[in-house]
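As a plain string of letters, each chain reads:
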Amino acid sequence: MRVLLIDDNKDVAEMVRLCLESQENITCSVVGDGKAGLRAIREDTFDVILLDLAMPEFSGFDIFRALKKEDILRSKNVLIFTASSVTDDEVREMLSSGAKGVLRKPLSIDDLIAAVEGFRQNGN
Amino acid sequence: MTARLTPNSTAKPTKTGTTTKVIRGTSKVVDTEVDFFSKARNNADTYMNYTRPPLAVGLEPIKKAFHDAKARGVHLRYLTEITKDNLIYCKELMQIVHDLRHLDGIKGNFMISESEYVAPLILFEHRKVAPQAVYSNIKEVVEQQQYVFDNFWNMAIPAEERIKEIEERRTIRYETKVFRDQDEIANKIKYLLETSGELLVCSSFGGLQLGYHSFLDSGKDVLAKSRRGEHKGIRLVTKAIDRDSIELLKILLDMGIQIREIKNMPPMNFSVTEKEVHTTIDEMKDGKMAQSVLVSNEPVYVNHFRSIFEELWKDGIDAKTRIASIEEGADLGEVEVVPTSSRAGEIYLELVRNAQKEVMIMFPTPNAFLRQHTIGVVSLAKEAAQRRNVKIRILMPKHESTEELVRNLTGTAEEQEEGYHPSRHINNIDIRYIEQAILDTHATILVVDKKTSLVMEIRDDSKTTFEEAIGLSTYSNSKAGVLSYLSLLGNLWLQTELYQQIKESSIRLEVANEKLKVHDKMQQEFIDIAAHELRTPIQPILGLSQIIRHKLKDTDCVEPLDIIIRNALRLQRLTEDILDVQKIESQTMQLNKERFELSEWISNLVADYRNDLGKEEEKKAIKLITELNISAPIVVDADRNRLAQVIHNLLNNSVRYTKEGTIAVITKEKDQQVIVSVKDTGKGIALDILPRLFSKFVTKSYQGTGLGLYISRGIIEAHGGKIWAENNDDGKGATFTFSLPTK
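Sequence lines, in order, name chains C and R.
With the first letter of the first sequence counted as 1, position 37 gets the number 37 in the numbering used here; the numbers rise by one all the way through.
With the first letter of the second sequence counted as 1, position 370 gets the number 370 in the numbering used here; the numbers rise by one all the way through.
Quick caveat, the hints were computed from the structure, so don't treat them as lab data.
Any given hint might turn out to be false.
Straight-line Cα separation of at most 25 Å, DSS-like style, residue types lysine-lysine; simulated pairs [said to hold, decoys possible]:
(1) R/Lys-39 x C/Lys-10
(2) R/Lys-503 x R/Lys-553
(3) R/Lys-164 x R/Lys-91
(4) R/Lys-503 x R/Lys-515
(5) R/Lys-21 x R/Lys-39
(6) R/Lys-551 x C/Lys-100
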């Protein structure tokens, strides 16, 4: 199971990687900036994409909008993973646009693992 | 008359030799009359109409008979109607008879003595002797006629009185004449004074000066008479007493003249006695005004002027009072109505030209400013400001038509303030714009040096020239009048100041408001960033601690790692609570309201909570129950997440203070409200914090953030509900309750 984490905070990224890779059959790739993240999504296939929103230059919002615009958002398992204050309306909006879920930092590892494991496909 | 008279009757002898007879023929009548007088011994009374006195003195035998009788000591009385025609005869007759009296309208003729009665035929033909007469010596007839005569005599008035009356009437010729010659006028006035029984004078100060110098002696005589009670005195009304007239008036008052001040003088001076009036009249003569005096004794005129005087007198102010107030320095101004606009314009320019310290002008309309600019007022004002350092203050409505002129007046364009205030003390000229609506007046008001005012009413503001536009004007140098205009202008001036201040402060307010909005936005951004920055580091602390704890779960590292994890979670809660507090206090908490059934929802919520509670070893002794109103569904319109937050907070609170016992969540519906209570059997609320239980950072626990109840209150109040807490009646534990409206 391949997970992509797009997050500019290296500590958070390392924690997530350690957490997820402690699980059976999970590899976690980490991308630290928006543009590289968007490229990775386009060029590769991941089972789950954890997307941080607040990033400098090219933010998670920009990636989100780009994916939405390219109409590939719905085909991806994108989980918003943010420490920003997103309102309930924004959450609804993102979910209806094709995000698969919204995770608010800080999140306990049990909740994180549960959220990712939800996308494990049978036989994988 | 008792005697029966028959034609041709002759004497009818009686036993006493008395008779009543008719005498025929004028000579016989005369004879009878002469005979009558000669026989009279004590008295002879004669009653004759107005044609007879001339006969009495003109007819020699009769006249002689009178004289003879008088000489014998017979008392002679004569009663007639004295007229201006028989006056001279009556006067002569008075020399003959002892007593002559007058009675109006005498018709009959008769004479009566103590023993005889003679009645010549009634005849009104002058100088003709009656052709017949009745004679009687019958005692009853004589007595009766004597009685008749005495009655008439008593009704009559003395001849002297009547003669005086006639003579006076003859000399009083009613006439009205105009005198132009000064000497003649002086004589007339002197005569008027000397013959007066009362003197009423209405005079300007000039007239008084003249009168005082020319007629002082006559006046003194009159006043002396007055003191003796022979004259009703002199009363005088005059106009507008001022410092110049005060001295003379005091002299006149001391002399004993009564004086009153009147506001409005008639257009002439006049003096009037009980019988004559003198009044000045202005006449055009050879193209020049000349003052003449009209003298009239016609009662109509005299009475007219007397009544004019009494009216003036009635409304007059006692001169002594006025003089006293002037001497005390009180008001001594005058108010003058200026009827023509051209005259008003002259006064206007004159006042501004002579201003010493200050000129205040209020132009009621932009047109008024333009017109008055045209006649030169504005440039005179500017000159006064520049050359004489006179302070010019102008109040006017703002209008584009006047803008350039105002700029020229006050200086350069750069010196203009933006917007409301056109200028600031440039060249001592201060112009303030005032809302035309506030002015609510149609008069230009000018006040110069706080001493004089000129108020010019606009008759027609559409006219372009001053003269056409202005109607009546009022000039005043009366202290009270000027001060009231001054205070009016002062108030308007202040009003513009206040208006400006309000305007400025509302602009400031707007700016501040903008700033506040920016500030709000920045604060919101800051909060958002702060939230992000607070949450972010917690994530690796929490996550990595949990990972390590998982890896080292069988070592003695677990306990310290649990402490780290617990504090990371506490930090997380605190972060979220602080963000909620910020939302409550900035009133930016957004509620996602939806309608849902409360009882079942609470039931599920409590079940989840009970589940979690069961996982904690030390909380296992707590029994969590619900007492829900399930007889009818309770529908609320609320934000589920926020409401859950409140219930969680209340349950956390109860759990924190309850080691063992029961926590009950109770719902009730009452008066269109749902009441939700969390009742515990814990240690209750410490009395010292009970009053501020729902304030920030009020806690006795080291576990909570001290914000839970505060946030709960914020959430409930944002829903339009109330929240409160009380210790239970049985002394065990506390009950936290909130209400929500169901409709």
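Do the hints match the structure? See the list:
For the proposed pair R/Lys-39 and C/Lys-10, the alpha carbon gap of about 177 Å is over 25 Å, so the pair is violated. Restraint check: the Cα-Cα separation between R/Lys-503 and R/Lys-553 comes to about 72 Å, which exceeds 25 Å; the hinted pair is violated. Simply put, R/Lys-164 and R/Lys-91 have alpha-carbon atoms about 11 Å apart, close enough for the 25 Å limit, and the pair holds. Pair hint R/Lys-503 plus R/Lys-515 holds up; C-alpha atoms about 18 Å apart against a cutoff of 25 Å.
Of the supplied pair hints, the one linking R/Lys-21 and R/Lys-39 holds, its CA atoms being roughly 17 Å apart against a limit of 25 Å. With a C-alpha separation of about 30 Å, the suggested pairing of R/Lys-551 with C/Lys-100 is violated against the 25 Å cut-off.
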